[in-house]
Structure formats: C-alpha cells, structure tokens
Amino acid sequence: MSIFALTLAYLRDRKLATLLNILLLTLGVATLVLLRIFASQLESRLDRDAQGIDLVVGAKGSPMQLILSGVFHIDAPTGNIPLETLDLLRRQPTVGQAIPLALGDNFRGFRIVGTEAGYLDLYGAELADGRLFDRPMEAVIGSAVAAGTHAALGQRFTGSHGLGEGGHSHEDTPFTVVGRLKPTGTVVDRLILTPVESVWNVHGIHHEEHEDGHEHAPSAEETHGHHHDHDHDHEARPAPAAMDSGRQAELKPEVTAILVRYRSALGAVQLPGFINRQTDLQAAVPAVELARILSLVGIGLDTMRVLALLQMLTAALSIFVALYGSLQKRQGDMALLRVIGASRGQVFGQVLLEGLLLAAAGAILGLLLGHAVVGVAAAIFPELRELGVSALHFDPAELLILLGALGLGLLAALIPALQVYRTDIARTLAEVQ
Amino acid sequence: MALQDEPLLELKAVHHAIGGRTIVEIEHWALRPGEHALLLGPSGSGKTSLINIVCGLVAPTGGEVRVAGERMTGVSALEKDDLRRRRIGLVFQTLRLVSALTVRQNLLLAQTIGRRLRDEADVDRLIGRVGLSHRAHGRPRELSQGEGQRAAIARALVARPALVIADEPTSALDDANTGRMLDLLFDSAAATGATLLVATHDERVRGRFAHRLELAARA
Ligand SMILES: Nc1ncnc2c1ncn2[C@@H]1O[C@H](COP(=O)(O)OP(=O)(O)OP(=O)(O)O)[C@@H](O)[C@H]1O
Ligand SMILES: [Mg+2]
Chain A
-16 MSIFALTLAY LRDRKLATLL NILLLTLGVA TLVLLRIFAS QLESRLDRDA
34 QGIDLVVGAK GSPMQLILSG VFHIDAPTGN IPLETLDLLR RQPTVGQAIP
84 LALGDNFRGF RIVGTEAGYL DLYGAELADG RLFDRPMEAV IGSAVAAGTH
134 AALGQRFTGS HGLGEGGHSH EDTPFTVVGR LKPTGTVVDR LILTPVESVW
184 NVHGIHHEEH EDGHEHAPSA EETHGHHHDH DHDHEARPAP AAMDSGRQAE
234 LKPEVTAILV RYRSALGAVQ LPGFINRQTD LQAAVPAVEL ARILSLVGIG
284 LDTMRVLALL QMLTAALSIF VALYGSLQKR QGDMALLRVI GASRGQVFGQ
334 VLLEGLLLAA AGAILGLLLG HAVVGVAAAI FPELRELGVS ALHFDPAELL
384 ILLGALGLGL LAALIPALQV YRTDIARTLA EVQ
Chain B
-15 MALQDEPLLE LKAVHHAIGG RTIVEIEHWA LRPGEHALLL GPSGSGKTSL
35 INIVCGLVAP TGGEVRVAGE RMTGVSALEK DDLRRRRIGL VFQTLRLVSA
85 LTVRQNLLLA QTIGRRLRDE ADVDRLIGRV GLSHRAHGRP RELSQGEGQR
135 AAIARALVAR PALVIADEPT SALDDANTGR MLDLLFDSAA ATGATLLVAT
185 HDERVRGRFA HRLELAARA
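Sequence order for the protein chains is A and B. Numbering of the first sequence is given in my numbering, commencing with residue -16 and proceeding in unit increments. Numbering of the second sequence is given in my numbering, commencing with residue -15 and proceeding in unit increments.
These are computed hints drawn from the structure, not numbers from a lab. Check each hint, because a few of them may be wrong.
Selected chain A positions facing chain B (in silico; Cβ < 7 Å) [as the list claims (entries may be wrong)]:
id, residue
1, -9
2, -4
3, 0
4, 247
5, 323
6, 325
7, 406
8, 408
9, 409
A partial selection of chain A residues facing chain B, derived with a Cβ cut-off under 8 Å [what the hints assert, rightly or not]:
id, residue
10, 110
11, 319
12, 385
Chain B regions said to be covered by chain A (calculated; three or more residues, Cβ under 8 Å) [said to hold, decoys possible]:
id, stretch
13, 35 to 43
14, 56 to 68
A quick note: this is a predicted structure, and the numbers were derived from the prediction, not measured. Ideal Cβ placement from N, Cα and C applies to all residues, glycine included.
Extracted from the complex, chain B is given alone in its bound form (with noise of 0.2 Å):
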C-alpha cells in the first residue's frame, strides 16, 4: 500500500543556525510507520532544536520536515498547529500536565483539543493502561515522578498521534524504572498504532531500538 509506504516523518536538508552557529544539520532521514526510533546525541548535540523543528515550534533555517506526507515546513503556524494537533504526541520529562486539572481532566482537555471528540470509556481505558485508574482523580503535584512520567504517556497517547516523540523521558530515572517506563511506551505504542521517536543521551536504552539517528557532538 502506497500509505503504508510514506514516511511517517521525514527530513530533507534540514539546517538550522542560531547566531551563526549550525546546531541542526540532517541530510536525509526517513521513519517509517511501527519503526520505533532513537533519537541519540551527547548533551547539545541539538535533538531538544531537532524535535522542535519537528513539531512545528521552531522553524529551521533550511530544508523540509514532513510529518505523514505532509509539509511541517514553510507553511502558516495554523496549520502547524493543526498538523501537530492531529499527527503528533509529545511526552517531556518534567512538562506533564496542566497544573489546574486532576490526571483524568487533563486527558479529557488533550482529547478534546486533540482529537475534537470526547470519549470518555477511551480515556479511562488509557488510565487503566498506564496503571493510574487510582490516581484518576488526583492533580499534578500530588503524583509521584512515576505516576507523573506515566501519566504524560497517556496525555501524548490519549489524542491517537501517528508519531509520538518522548524528549529524554528516562535520563532521571534509575535502572528499573528506566525498563519499565520503556516497556510503558512500547506497550502503550502498540495499542494505539503509534511510532516512537525518542531522544536521549541515555546509552541504557539503545538496546530496545532497532532504528535511531545519531547526531554528533558539536564543537
């Protein structure tokens, strides 16, 4: 199937310079659908700049990001918006969620902005999931890190993204926890169909990735 064949993300030339300095500089990289990814470099090696340029929220200086076939690049910021709305979920490591509402609100708010539907069986399902049904109705600050990594898993998963980028998910995490937020993100991949791509300099998780783009250290 010709679908099935396009690349899920994919970066042509991509070049980005701040103040003169290249800090992004990608010749040609493809990800396919179910090609779950690394996305590998030392600290500065630029993969924060690479994921932003990806979503939408910094424009690169040169070259084409396309998310699902379709342009990320040189486009209006609505339209960003929208295809990162409905093609993207990003988990961060400390940027959970909205401080105001419990764990199962911020679900609802995230499926509601993201997907424009409210199904309230599927995000309770998510939760039972990521093992928070007991934290359902709990806010932000009173989750364990945990509880609140888990909790930013099914935020991202919630709105069904093809593509869902975690930024070092793992780096404060220690061993067990490492695996286990990992099995989280696999598992819960799989159920909703999404792809993974996940930045880290964390070297415990290469082994779990078949694929991965390796940025190299900038002087």
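Chain A extracted, bound-state conformation (with noise of 0.2 Å):
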C-alpha cells in the first residue's frame, strides 16, 4: 500500500465526483484536439494545394474567388479570359510556367479540368495505371475519382454542365478514361484532366491549331497534333457553355486560369501589375488569399478554442471543489498520516497527485476520444479523408493540449494540497479526537 494507491482509493471512494472531474476534462481536450487535428490538417492540405503556384491569372472579380476556384477547385470562378493571355503570360520573360485551367462541367460532382501534363507534375501526380492523356477527349482521373465513380480504363462518360452534380449532360461528346492517378493529398484527387480542347469541344468552340509559342509544354504540342487529326469534324456549336457565357454568337476559346510559376523572384515585382493593368484580367497571389482564408477560418476556429479552453477551465474548477471538499472530510485521515510519519511533502504531494491523476485520465481519455471522433467522421465523411484527415495522425500541439491539461489539474489541486501542508497537525487532532 503506497501513496500511489491511497491516492487511487480516496478517487475510488468519491466516484461519482471523480467521473464527473474526468468527464469534464475529456470533453474540453478531445474539443481542443479536434479542432487542432482539423485546422492543422486543413492548413496543411491548403498549403500543399498552392505549394508552387505562385500567381494565379483569371478574369476580373474577387481575388479569394480566384483562387478558391483556379487553386482549390470550390466556389465558381469569376469568368474566362481570351486563350491569348496564355501565349502572353509566356512571352513574359518573367514567367517560367505557365499552365491553363478550363472549367465548366463536372461528372458525378468532381470537376472537369482541362489542363496540361504540366499541372500534374506540379503536384507530384503520378499514374497508378493507364496513361497520360495525348487527345482531347482522354481523360486521367485522380484517385479519389476513380474511388467515388469505380471508373475503369476505357470507360466512357459524358460530363454534366455546371461545377457541381445536375446540370444538362454532354450526351454527344463523351470522354474516355485513360489514365487514373495515385493517391496524391492534393486537389487533383478530386480532379478529372482532360487537354483544354476537350472542354472546348464539349462546348462547342471551334478552335484552330493555332501558331507557336508552346515550347514550353510538349504535350500540349502533342495534343495538337492529334487533334488535328481526329477532331476537326467538330463545328461550332451555340452550346450554353459557361466557358462564354453571353457572347454565343462569337465562341472563342477561352481558359478560365493561368496558374504561373516566377522565373525569378523578379516576376512578383512586376508581372502582378503588369496583369492588373490589362483591362479583363487580374492576378492573385495564392499565399495572400490562403493567409485571408485561414485567418477567416481561424476566427471561428479561435472561438470554439476558447469555448473549449472555458471548458477545461471549469473541469479545473470541478476537480478544486471535489478535492476541496474531500479534503475538508479528510483532515482526520490527513493528521493520521503525518502520525505514522508521513511528512508535510508527502500528503502535500498525495494531494497533488490526486489531481494529477484526474487530469492525467481526463486528457488521455480526451485525446482516445478526439481522435475516435476524428475516425468515425472520416468514415462518415470522405471529404475528410481525401483531406488526409486520419485518427492515426497525431500532432504535436496534442502534447501541449496533454501538458496543458495536467498543469490545469495541478493548479486546481495546488491551493488544497498547500492547505494540506500548513495543517497544525495538534489542533486537527485536537480537534478530530
């Protein structure tokens, strides 16, 4: 029988104040953990999501709206810009990479981009099987498409107009599944690429072979050579295409972003303005956006943090008045102690432990439940595993929260157990006797 134990049976005999101080602690560190695991994963997966994009390219409208759409593929994009911006941006000499987006329909709600190979080397995408798209119309489709639609190789489908599920179908321009990716954490999981003539033959667009000035991406250059041979049959049709909305008597092709990468760190100095100078376009900086996004995100989440925080705070609270009153009860048992020979540390340290031990099971049962709401949600959820959100993950900061909690259960047991170790252990068992 060791202090230890004591300590175990003195929570033993108050079980249900005990439960109650644990219960209160484990809500406040499993709150304070899950918002840590979803706002680190969120930052994270954000990050990774615009990590070398350095300039974003579309037509006038909100910044944030932007980059929500051309980066992260959420929210509708502010509109499309001529095709010859691409050739402009190129000529820059500025610029190193310059990769087009065209949007405007989805398949079973994940979105249809028409893209270069380029855009899937600057995610680190690779195949899992099949292979890259070399003709409109072939499509490569990140991971978590080939999850949600178990499209094969070689299946064939039509998109739907419009970014979200709905929307009228493309009948007579299916798409065939050439490639599929492998699992990448990115935006492109959730992506099906296609060559930008693709979205513009489902739309109708008549588009030439238009001159150079693609050296920089050999695929496209490749894309074009097969397209001359196959597509051309394709006329302009006045299709409702959101690639042009409004000007159906002249379809132009359009791209909907140019995401840009810097030759040098002087590009950041000039190509933002030289962009916004010209009349249609703008340019926004993903890192500045994703600093406005996370800082809007970062309010509510500072708000449930300090719910949480209140929470713990008030578990403190609960595990004081629960020590505070069995101590009262105790100052027998306490004298009693010091008699057999116990010193003034060690049933100030008894006291200590006690708390110690609430806070130590409150934030260990805290963290288990903080991260079995993480799993369960994933399973519920799969957004939030192709987020990369994971029960497994575990996060440094968690130590802090750990930490914090047993430093919470500390202090509320500090003001008993020093109370404990000024007794005047005459008058107590005067007073006891």
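Combine the two chains into a complex, taking the hints into account.
Here you go:
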C-alpha cells in the first residue's frame, strides 16, 4: 500500500465526483484536439494545394474567388479569359511556367479540368495505371474520382454542365478514361484532367491549331497534332457554355485561369501589376489569399477554442471543488498520515497526485475521444479522408494540450494541497479527537 | 549494554506555555525500554499536550525531549517526522484508521510509510494477533467500537516502533473492555518489543503499570 494506492482509493471513494471531473476534462481536451487536428490538416492541405503556384491569372472579380476556384477547386470561377493571355504570359521573361485551366463541367460532382501535363507535375501526381491523356476527350482521373465513380480504364462518361452535380449533360461528347492517378493528398485527387481542347469540344467552340508559343509544353504540342488528325469535324455549335456566357454569337477558345510560376523573384515585383493593368485580367497571389482564408477560418476556430478552454477551466474548477470538499472530510486522515510518519511533503504530494491523476485520466481519455471522433468523422465523410484527415495522425500540439491539462489539474490541486501542507496536526488532532 | 541503559524517552526541563499560561512543566523524567508507564493526571492537566511534544507535533517553549537518544526538540520538522516515523507508534481513542482503506490496507500503508518495507505476512500475523482476521477487509466505518480500537493498536504496532503511546485508550470503554484492551496492549507490546506509555485519567488502569508520570491538576 503506497501513497499512490491511497490516492486511487480516495478517488474511488468519491466515484461520482471523480467521474464528473474526468468527464469534464475529457470533453474539453477532446474538443481542443479535434479542432487542432482539423485546423492543421486543413491548413497543410491548403498549403499543399497552393504550393508551387506563385500567381493565378483570371477574369476580373474577387481575387479570393479566383484562388478558390482556380487553386482549390471550390466556388465558381470569376469568368473566362482569352486564350491569347496564355501566350502573352509565356512571352514574359519573368514567367517560368504558365499552366492553363479550363473549367465548366463536372462528372458526378467531380470537376473536369482542361489543362496540360504540367499541371500533374505541379502536384507530383503519378499514374497508378493507364497513361496520360494525349488527345482531346481523353481523361486522367484522380484517385478520389476513381474510388467515387468506380471508373475503369476505357470507361466512357459524359460531363454535365456546371461545377456541381446536376446540370444538363453533354451526351454527344463523351470522355474516355485513359489513366488513373495515385493518391497525392492534394486537390488533384478530386479532379478529372483532360486536354484544354476537350472542354472547348464539349462546348462546341471551334478552335484551330494556332501558332507557336507552346515550346514550354511539349505534351500540348502533341495534343494539337492529334487534334488536327481526329477532331476537325467538330463544328461550332451554339452551346450554352459556361466557357463563354453571354457572347454566344462568336465563341472563341478561352481558358478560366492560368497558374503561373515565376522564373525569378523579379516576377513577383513586375507581373501582378502588369496583369492588373490589362482591362479584363486580374492576378491573385495564392499565398496572400490563403492567408486570408486561414485568418477567416481562424476566427471561427478561435471562438471554438476559447469555448473549449473555458470548458477545461470548468473542469479544473470542478477538480478543485471536489478535492477541497474531500479534504475537509479527510483532515483526520491527513493528521493520521503525519502521525504514522508521512512528512509534510508526502501529504502535499498526495493531494497534488490526486489532481494530477484526474487530469491525466481526463487528458488521455480526451485525446482518445478526439481521435475516435476524427476516425468516425473520416469514416462517414469521404471529404475528410481526401483531406488526409486520419485518426492515427498525432499532432505535436497535442502534447501541448496534454501538458496544459496536466498543468490545470496540478493548479486545481495546489490550493488544497498547500492547505494540507500548512495544517497544524496537533490542532487537527485536538479537533478530531 | 550501553544502548540498553539509554532511556527510550527522556524529558529534560520541558516547559510549555500557551498565552503566558503554563500547561506542561517537567523537571526530569526518563522511560527505559520495557518499563511500561502510565501518564496520569486529571482532565486539563496537560497529558495530550505532553504527548504532542514527545511526538514532535508541538514544539515546547523550553527544554529538551529525546527519543531513543535522538533529539525531538530543536531539530527541523523533517527530522522530527523521521524520528517519529522510526520510533513512535500512536494510538488515539477515536482517530484510528484512514477512512478510504480497509483494515488490512491501512496496516499495509502504515507499514510502507513507517517502516519503508512491505511484509504482508507480518501484517496478517498482526491482524490475527488483535483478533481481526475476519474483519481484515472491512472498512473502518463498518467496525464496532472495540474492533476499531484493536485495529488502531495493530496500526500503531505494524511499523515496529520502540515506543507506543496511547492517549486515553480506555476512557470510553466499560470495565470488561478496558481489561481486554490493556491485555491486548501488553501482549502486543511484548510480541513486538515495544514499550508502552499510556495517558489516562482512568484510575481503573493504575494497578497494571509499575511506572508512572503524574501530572498535577492546573488551576
Ligand atoms: N492549542 C491550545 N491553545 C490553548 N490552550 C490549549 C491548547 N492546547 C491545550 N490547551 C490547554 O492546555 C491544557 C492542557 O490540555 P490537554 O489537552 O493537554 O489536557 P489533557 O490532560 O489531555 O486533558 P484531557 O484528560 O481532558 O484530555 C488545557 O487547559 C487546555 O485548555
Ligand atoms: Mg487529553
């Protein structure tokens, strides 16, 4: 029988209060852990999605919207810009790489993105099977698309107009799956990638093999070759394309956004101003918009964090009340321990240990509960799995939460423990006798 | 043997006053090993106060207390705690056991703290000696008055103290139980080699002790 076992006996002796103390702390810790896991996974996911993209060029409008639609593939695009913009950008000496994106359609909620092979390299995406698209109407699908649609290689599908589910489908211009990607933990997992020309085809935009300026993208060159051979029979149809809202009379090839990587740091100085001076264009910096997004999300998270912290304080207070009340009844016990030969330090430590054990139980259970909730949430919502949210991932900040909870437990026990430390045993004995 | 001759308890010019009023005043008194003694005096004569001083729970305003040759006065609180832990077992009339633990657990705890070792067989033997084997796993509040007293004696002896001090162990008991209580104290002390110092104003126990320290009533 040790002081430790005695402490457990006291905790067991007031079961209800002990359970309540632990429960309160568990809930507070679980909430903090949950918030931390979601916030950090969301942040690192957004970081990964935006990494390597220095600038996004698109139609005038909200820069946030341009980034949301062009980088993270949420929200609607700001509009379209002429294809010539791509050549304009590629002619700039400060531009290292310019990748076009053409949006407008989806297949079962997964966005169809007309682009070039360079887009895959941006995210280090590798093929799980099949091959890369090399002509219009060939599609490479992300891992989440493959899992969500069960599309096999060679599978044909038609896109639906719009960026969400629903919308009329483009029955006469089916895509063929030629490749499937390995999971990347980025937005690519949710995308259907195809040459830009596919998107024009679907929306009946006549496009000819245009002049050079594609030195940077050999695959695009190749695409154009094939396009020349096989796809010339597509004539302009007046399709109600998102690609070209309003100006149906004359449909020109357009793109939705262009992702830019600078060749040199000078690009950051010159390019955004240059783009924004063009009447129909705007340039948005992902890093800037991401910081804004995170600060907006952060306000919500902070509010919840404050509530969770309040809950932990409540838990600490309940530990204090329980311990204080229990010690009022245990004065005789404490005097007896001293009479047996326990030192002041030992009885002080015994009370601290009681607070610490409560806190440790609450902290560990809270940690487990937090991860269990993450696990259940990830099992229910595939979006979370895509985000890379996993119950088995431990964040270093959780250690801090753990230490914080233990600290609160110690703090709650400190005043009662000090009181025990200072007790005059002779007086207690006289009162108890 | 020199050690044998050394008093187990020695009081030298011990004086204690609270608020200018003298409560304890003893010129010299010594208790040798094996000399079970009675601390006798009417209510208010300072018996409990003297016990607190001997145990190091109260520092006297003057004088010196030695337990088994070691000073209990004029040393640090930690040293007092340590000396008490090693040498003294205390039996109170009402304060007996830690409430959250069973009788057996109480004895194991007292053994761990007092003797810094774990000897379950010894604990069980002691429980058997005081006749509580059937109540070993009972909680303190479930014990009868007599059972509680016996448990308190076992708890005081489990750390094998050289000096066992009991404050009013019999004042609440009837004649028969007082006799049994004293038998138990003497038997247990004999078994563990402890020396008894029993404080009481109970004249019934006077005849059982050869040695005594009488405190006068204070006006
Ligand atoms: N902390 C204290 N403050 C003031 N007076 C005290 C204190 N402790 C004891 N006394 C006084 O000292 C005197 C001796 O008290 P003590 O408890 O030692 O007597 P006692 O012999 O044990 O009496 P009893 O037989 O009734 O237990 C009493 O007059 C008591 O009022
Ligand atoms: Mg008394």
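Evaluation of the provided hints:
Nearest Cβ of chain B to the Cβ of residue -9 of chain A: about 9 Å, over the 7 Å cut. The hint is violated. Interface hint status for residue -4 of chain A: upheld, as the beta-carbon distance to the closest one in chain B is roughly 4 Å, under 7 Å. Given hint, residue 0 of chain A at the interface with chain B, is violated; its Cβ is 13 Å from that chain's nearest Cβ, farther than 7 Å. Taken as an interface hint, residue 247 of chain A does not check out: its beta carbon lies about 72 Å from the nearest beta carbon of chain B, beyond 7 Å.
Interface restraint check for residue 323 of chain A: the shortest CB-CB distance to chain B comes to about 5 Å, inside 7 Å, so the restraint holds. Taking 7 Å as the C-beta contact cut-off toward chain B, the hint placing residue 325 of chain A at the interface holds, the least distance being around 5 Å. A distance limit of 7 Å between C-beta atoms decides the matter here; for residue 406 of chain A the minimum to chain B is near 11 Å, and the interface restraint is violated. Checking residue 408 of chain A against chain B by beta carbon gives a least distance of about 5 Å; that is within 7 Å, so the hint holds.
Taking 7 Å as the C-beta contact cut-off toward chain B, the hint placing residue 409 of chain A at the interface holds, the least distance being around 4 Å. The interface hint given for residue 110 of chain A is broken, as the beta carbon of that residue sits about 66 Å from the closest beta carbon of chain B, more than 8 Å. The beta carbon of residue 319 of chain A is positioned within 8 Å of a beta carbon in chain B (closest approach about 6 Å), and the interface hint is therefore held. Because the beta carbon of residue 385 of chain A sits about 28 Å from the nearest beta carbon in chain B, more than 8 Å, this interface hint is broken.
Here the stretch 35 to 43 of chain B counts 4 residues with a CB under 8 Å from a CB of chain A, which clears the bar of 3, and the coverage holds. Counting residues of the stretch 56 to 68 of chain B whose beta carbon lies closer than 8 Å to any beta carbon of chain A gives 5, which reaches the threshold of three, so the coverage claim holds.
The structure is inconsistent with the numbered hints 1, 3, 4, 7, 10 and 12, although it conforms to all the rest.
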